[in-house]
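Construct the entire structure; sequences and hints are all you get.
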Amino acid sequence: MKTGKIRCTILFPLLWISLYSPAQEVAQWRGPGRDGKYPGNALLQEWPAEGPALLWSYEGLGAGMGSPVISGGKIYVTGIPDTLAGMGRLFVFDLKGKVLWTKDYGSEFTALYPGARSTPSVAGDHLYIESGIGSVYCLNAHTGEQIWNVDFFSDLGADSVQFGFSESLLIEDDRLYCTPGGKSHNMVALNRFTGEILWASPGSGEQATYSSPVLFRHRGRPLLVNLTASHILGLDALTGKVLWQIYQYQDNNIHANTPLYHEGNILVSSASRKDSSGLVMLRLSPEGDSVRVLWRNKGVINLSGGAILNDSSIYMSAYLQPKWYCIDLNTGEIRYTAGDPGGGAVIYADGRYYCYAERNGEMVLVDATSEKFTVISRFMVRLGTAEHWAHPVIDSGMLLIRHGNALMAYDISRKE
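This note's numbering numbers the first residue of the sequence shown as 1 and each following residue consecutively.
Warning: the hint list may mix true and false statements.
The calculated DSS-like cross-link candidates involving lysine-lysine, where the alpha carbons are at most 27 Å apart (straight line), are [unchecked claim]:
#: 1; residue 1: Lys-372; residue 2: Lys-37
#: 2; residue 1: Lys-98; residue 2: Lys-74
#: 3; residue 1: Lys-37; residue 2: Lys-74
Hints are computed from structural coordinates only; laboratory data are not their basis.
So, in structure tokens, the structure goes:
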């Protein structure tokens, strides 16, 4: 239930633009650009044999697979502690691992693969969480006090999803974008300070899935892209108008990767076997009003590990297979595969790829080019519980790894 009355505000784009606050840095899922690339340099180019130094660890988050984020010298992450009987808790740490405070924000998802799913999004004094049962919470980032909340079902008419709502909320200026699914509020833009509806789009009319939206400017036009159960959607970010949709099949409607934008193209990967739609590159029209399939590769099977775009190549893992891909960005052809490390999440910083194997929790540092994939260093993540599904994070010279119940901070700064 939303605190206060929901209203739908229709504004002309030019008026809406005039109401925007200045762009503000956002701490969010997979880094500043939602593309898995983290800023910074002076990071270790190789690790000691035993791995980088463990600065600190905390075991007590409870069940969860959302990543941490760092904002204003604080680390934010969510979980479901065993003692809370299904209640989600926000944990806030300082950079040395001290728990500054916690906030129990509401009920969480406890069915299939129980745990808090969403990675928090933080902008200035405001923090946003989407629970696995479909509630959006806006909290004071300094105290945890609730400012507003919206319920996907009672307020927005959402349809339930099998594995729980998992998107990480998108912030752009004064707006918060989310994907409840359903026929009337398929994708929604909220005023992020009040929770009021700015626009609601019928989208595809389908259930939500597990991916997080991305917003980019194509020739100056702000476009919003996300997936629903069986479609890739492109919307005008100012009005919510559906510009185009492309069929994208995955046998369980599991689309968990965030779309990536690159020079007028959109990359989407959602496959767990070869009868899925696989990896597809879409080409936007000059105005962004339509797309065409530039190429599709159904032989690339990547479900949730993300991808990195560099050097006209796509670097990503194979789902539940000991295989990593290097794929030609322009043609979709596989340039080469590497059998080591095992499949999992990949992020990038300071010229190195960080590969976190989902089957055994091995963290591997890689030097990859369009011609070869070289393992530099590796270590095992031995703390924590359940699946190795949370994507790692790099910030403040630290590599942050969340494994279920545990959060670990490793020193990867290079000492001059």
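So, going through the hints one by one against the coordinates:
1. Between the alpha carbons of Lys-372 and Lys-37 the distance comes to roughly 20 Å, so the proposed pair stays at or under 27 Å and holds.
2. The suggested pairing of Lys-98 with Lys-74 holds, with an alpha-carbon distance near 10 Å, which does not exceed 27 Å.
3. With a C-alpha separation of about 20 Å, the suggested pairing of Lys-37 with Lys-74 holds against the 27 Å cut-off.
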